[in-house]
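Student: Sequence:
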Amino acid sequence: MLRFAVLGEVRAWRGDTPLDLGPPQRRAVLAALLLREGKAVTAAELVEGIWGEDPVLRAVPALRTHVAKLRRELEPDRVNRGPSTLLISIGDGYALRLPPGRTDIHDVEDEVAAAERLRYEDPGSARDTLESALARWQGAALGGLPGPYAERQRARLEQWRLSILEDRLALDIETGRSAEAVAELGPLIEEHPLRERFRALLMTGLYHSGRQAEALAEFGRARRALVDGVGVEPGPELSDVHARILRAELPPVLRPTRAVVTPAQLPPDIADFTGRSRVAEEIAAQLTGDGPAVAISAVGGMGGVGKTTLALHIAHQVRDRFPDGQLYVNLRGVDPEPIPPGDALGGFLRGLGVAEGDIPPAVDDRAAHLRTLLSDKRILVVLDNARDSAQVAQLLPGTPGTAVLITSRSALTELPAVRRTRLDVLEREEAMTLLTRILGAERVAAERDAAYAVIEQCACLPLAVRIVGARLAVRPQWTIASLAERLADESQRLEVLQTGDLTLEAAFRLGYGQLNTEQARAFRMLARADVPDFPVDGAAALLGVPVARAELVCESLVDLSLLETPAPGRYRFHDLLRLFAARLAGTAANRDLGERESEIVVRLLDYYLASTKNLLGALDYSNTTLLLVPTTVPGHTFAGGAEGQSWNDVERPVIIALHRQAARLGGRAVALAADLAWVMSELMDTGSRARELADGLKALLDTAIRDGDHASARRLRVALGAMMQIGLGEVEASLEFLQPISQPADDAERRLQVLAEILLGVADRRTGNTKDSHRHYANAIAWTRALDDRSLEAWILALATRTLCESGQYAEAVAVAERAIALAQESSNAVALGWATHELAATRSMLGEHALALALAEDAVHMTHRNGVRLWEGWARTRLAQIHLRAGNDAAAESEATQALRLLSKAADPLDRARALSLRATARTARGDHEAAAREHADAAEIFRRAGLPAPTLATLFAPGPATE
1 MLRFAVLGEV
11 RAWRGDTPLD
21 LGPPQRRAVL
31 AALLLREGKA
41 VTAAELVEGI
51 WGEDPVLRAV
61 PALRTHVAKL
71 RRELEPDRVN
81 RGPSTLLISI
91 GDGYALRLPP
101 GRTDIHDVED
111 EVAAAERLRY
121 EDPGSARDTL
131 ESALARWQGA
141 ALGGLPGPYA
151 ERQRARLEQW
161 RLSILEDRLA
171 LDIETGRSAE
181 AVAELGPLIE
191 EHPLRERFRA
201 LLMTGLYHSG
211 RQAEALAEFG
221 RARRALVDGV
231 GVEPGPELSD
241 VHARILRAEL
251 PPVLRPTRAV
261 VTPAQLPPDI
271 ADFTGRSRVA
281 EEIAAQLTGD
291 GPAVAISAVG
301 GMGGVGKTTL
311 ALHIAHQVRD
321 RFPDGQLYVN
331 LRGVDPEPIP
341 PGDALGGFLR
351 GLGVAEGDIP
361 PAVDDRAAHL
371 RTLLSDKRIL
381 VVLDNARDSA
391 QVAQLLPGTP
401 GTAVLITSRS
411 ALTELPAVRR
421 TRLDVLEREE
431 AMTLLTRILG
441 AERVAAERDA
451 AYAVIEQCAC
461 LPLAVRIVGA
471 RLAVRPQWTI
481 ASLAERLADE
491 SQRLEVLQTG
501 DLTLEAAFRL
511 GYGQLNTEQA
521 RAFRMLARAD
531 VPDFPVDGAA
541 ALLGVPVARA
551 ELVCESLVDL
561 SLLETPAPGR
571 YRFHDLLRLF
581 AARLAGTAAN
591 RDLGERESEI
601 VVRLLDYYLA
611 STKNLLGALD
621 YSNTTLLLVP
631 TTVPGHTFAG
641 GAEGQSWNDV
651 ERPVIIALHR
661 QAARLGGRAV
671 ALAADLAWVM
681 SELMDTGSRA
691 RELADGLKAL
701 LDTAIRDGDH
711 ASARRLRVAL
721 GAMMQIGLGE
731 VEASLEFLQP
741 ISQPADDAER
751 RLQVLAEILL
761 GVADRRTGNT
771 KDSHRHYANA
781 IAWTRALDDR
791 SLEAWILALA
801 TRTLCESGQY
811 AEAVAVAERA
821 IALAQESSNA
831 VALGWATHEL
841 AATRSMLGEH
851 ALALALAEDA
861 VHMTHRNGVR
871 LWEGWARTRL
881 AQIHLRAGND
891 AAAESEATQA
901 LRLLSKAADP
911 LDRARALSLR
921 ATARTARGDH
931 EAAAREHADA
941 AEIFRRAGLP
951 APTLATLFAP
961 GPATE
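If you count the sequence shown from 1, position 408 lands on 408 in the numbering used here, and the numbers rise without skipping.
Source of the hints: derived by calculation from the structure; they are not laboratory data. Quick caveat, the model's predicted, so the values are computed rather than measured. Every residue, glycine too, gets a C-beta built ideally from N, C-alpha and C. Misleading hints may appear alongside valid ones.
[Claimed, not checked] Here are the simulated SDA-like pairs of lysine to any residue, each with C-alpha atoms no more than 20 Å apart in a straight line:
no., residue 1, residue 2
1, LYS377, VAL318
2, LYS69, PRO18
3, LYS698, ALA671
4, LYS613, GLY635
5, LYS613, ARG596
6, LYS771, ALA815
7, LYS698, PRO653
8, LYS69, ARG11
9, LYS39, THR85
10, LYS377, GLN317
11, LYS39, ALA95
[Claimed, not checked] Taking CB as the label site, the calculated pair distances span:
no., residue 1, residue 2, range
12, THR898, GLY848, 22 to 32 Å
13, GLY22, ALA355, 37 to 47 Å
14, ILE270, GLU414, 27 to 37 Å
15, ALA470, LEU593, 34 to 44 Å
16, ILE270, ASP110, 34 to 44 Å
Could you put together the complete structure from these sequences and hints?
Tutor: Here it is as structure tokens:
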């Protein structure tokens, strides 16, 4: 059976076999005959239709040849030159006589007629029938055919197609597919701006999509297009639709029915889920609550911290509270190509039973359709691994009852009304439980210490623990200790933390791939400083950008879970992320010298040195800042000593870590670290980390000696002497670092000589050698006068007062103290003023002038409190407690000693803590609390014993002579 198609290229088949219809002109002859539907066409009409009004000379013979070849192809069984029964000759022309229904045009006509019959009784089927008719077009009708006839017919058939399309779009709207119709009509109107029915249909579709304002605006655009284009007003149909929209009189549309589907898309729960019980309960309670809005919970955190594991565990725990189903999608937010929101919406709609043909093409329409389907339902939506708020926003339901659980490395700060949970690593015991569940209790119990070592090397990151567990589980011959030994090497740790396709570095690299150039550079550079955390202004110095910009970059890294922020303005790396970032930086440093570790450490030390210079300046302490290495950044500034004390406490662990790193690197880092150590020794408050700080300084000193850096070595020796004596109370041990400089090379070394002489003077006083103590203070004053530093001289005189007082030279002590007070006031040295005042008070007390002594001591306490340095205030309160005791004020003495202990327990100098403890014990003895007093006397005696000094007694606390501290 022959069949023909003209709605596209002209083609023909006998059964399933395509026929060879020859060149375009021959196909044009066939098309002209097919479209006449059996009517005769003269030769002249055929020639004009194919060749136009000016045909070639041999057009008629060419026509005859085309007809002859068509006959042979269409009727291969016809006897040569026998009469044709299909393509017959009539006069000088031809007709093609075919049975009905042999062309695709006939098929379309039949389907259009069938749709018309179904139009009112079954509009959905009518719509599908018209869709089938439109599918018959395989491109432009009569494609590739020459001649005016083909052009005329092609235009006619296109108008017919558009008319059918209009009818189908009308049925789309009537059957509830307004969103799809609106999406399709936009491009059609751009192509056919004057076709009024398209405009009317778009207005109708917008109206039924709840977009009435846009529908009315479309009428205005249509009117302008018609008036500007052809000078006419909108026709009756368009005007009628406009009027009915204004009156809200458009008839309602049908809502298509669909099968009820209960989606259950959750991946399986994790069998060995460990820990997180409190946070899981809190999130579950929020998701299942009966609030007035959609419950949305977002779980954030770094890669490998277990966000998806927790989310799926919670989802399975609460799934029975969502009887209408659970939707899940992995948005692949850290992949190079995340899942587009439209694709995720399409998946949800399919999961809810929406037919493929009924899913709107536009993302906004898909989102609206999803919200409609979820309305009044109890469905849980899990959006796993979201990239950012933009990817998630259109996936959210609109009505309460549904709940959404999101996981993302991003903070999703733009999403409103979200309960955010930042997931941290596991607790140590939780990580051990996880490893035990993977390996078995017996194997872990046999090597418990090694197991804890592995947990620490994994930094309690769940993914790292799982990788280690998986490696050991398939290698029963390996010991846990053997893997712990391999993990101990930081340079190889990331390589060890991989098994099969599961690698920690791959998880980190996905997050790193999200960063822009500025973020990626900051991520690498910040990790080069091997410090526990860092302040934002330190980050600015390290990155070479303003503080505001550094904060913006650091916060963006926090939002992406690549940095942590333990406190406002402070940042830190997870240990394993730092290793990953430092490795990237090591590679980048080959291209950018600014990313070299030594350069990074120098920049950060430069910041800390500049900051401590500012702190000395805020305390009006001395002219030391003028003698230090020049710095290139402003550093942190301080309103006073209290702020400086807090800053010092926070930054001390960072400075210790920088000392260790500088000792390893050598070079300029050591010079900066040495000056920083010098400044810190001037402040004399090492806090609670004196031993760690001393170890770091020793490592720096070894490096300076090894590299022949004599200037740095001298600074470090003096700093170590101060550390050993004041920070650790190891007086004898401090002496090996405090040997005088025989020939100071410059003012800086002269200033170091002063500090060394002061510390030697203090050491001799503590050991009862008052003669040598006086000598060292005299040397210090001589060097200070050579420096013309009256502020520093005031401080030394204040210290000398104490030695004079304790050796019973009260008159000399009063004179020196008053001289120190005068110089301190003249040079605005508040530190020396407070010190000299409380030493004068102590001397007046020894002279029996208790009222004057108490007044002076109270003034000294107020001065040191204003300075804000707790060590100095602790010393002043210790003196005040001693004076109260001598005056017989036992209760006041106990109170002041208690406050002194509170201050000194957070500062340095265990010997002064022991002295305050002895004072309080003495006061408690006087008040009858003998048991507590005995304990405290014993504790104080033990501190002095460790320092190699005799314990103080009631007599030596007050009497003149070689009393200890």
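Student: With reference to the structure, classify each hint as holding or not holding.
Tutor: Comparing the hints with the structure gives:
1. LYS377 <-> VAL318: holds (15 Å)
2. LYS69 <-> PRO18: Between LYS69 and PRO18 the Cα gap is close to 16 Å, so the pair holds against 20 Å.
3. LYS698 <-> ALA671: holds (14 Å)
4. LYS613 <-> GLY635: holds (8 Å)
5. LYS613 <-> ARG596: The hint is violated at about 26 Å.
6. LYS771 <-> ALA815: holds (18 Å)
7. LYS698 <-> PRO653: holds (16 Å)
8. LYS69 <-> ARG11: Roughly 15 Å between the alpha carbons, so the hint for LYS69 and ARG11 holds.
9. LYS39 <-> THR85: holds (14 Å)
10. LYS377 <-> GLN317: OK: LYS377 and GLN317 at ~19 Å, within 20 Å.
11. LYS39 <-> ALA95: Between LYS39 and ALA95 the Cα gap is close to 6 Å, so the pair holds against 20 Å.
12. THR898 <-> GLY848: 22 to 32 Å: holds (26 Å)
13. GLY22 <-> ALA355: 37 to 47 Å: Given range 37 to 47 Å: holds, Cβ gap about 43 Å.
14. ILE270 <-> GLU414: 27 to 37 Å: Taking Cβ atoms as reference, ILE270 and GLU414 lie about 30 Å apart, which means the hint holds.
15. ALA470 <-> LEU593: 34 to 44 Å: holds (40 Å)
16. ILE270 <-> ASP110: 34 to 44 Å: violated (59 Å)
Comparing the model with each earlier hint shows violations of hints 5 and 16; every other hint is respected.
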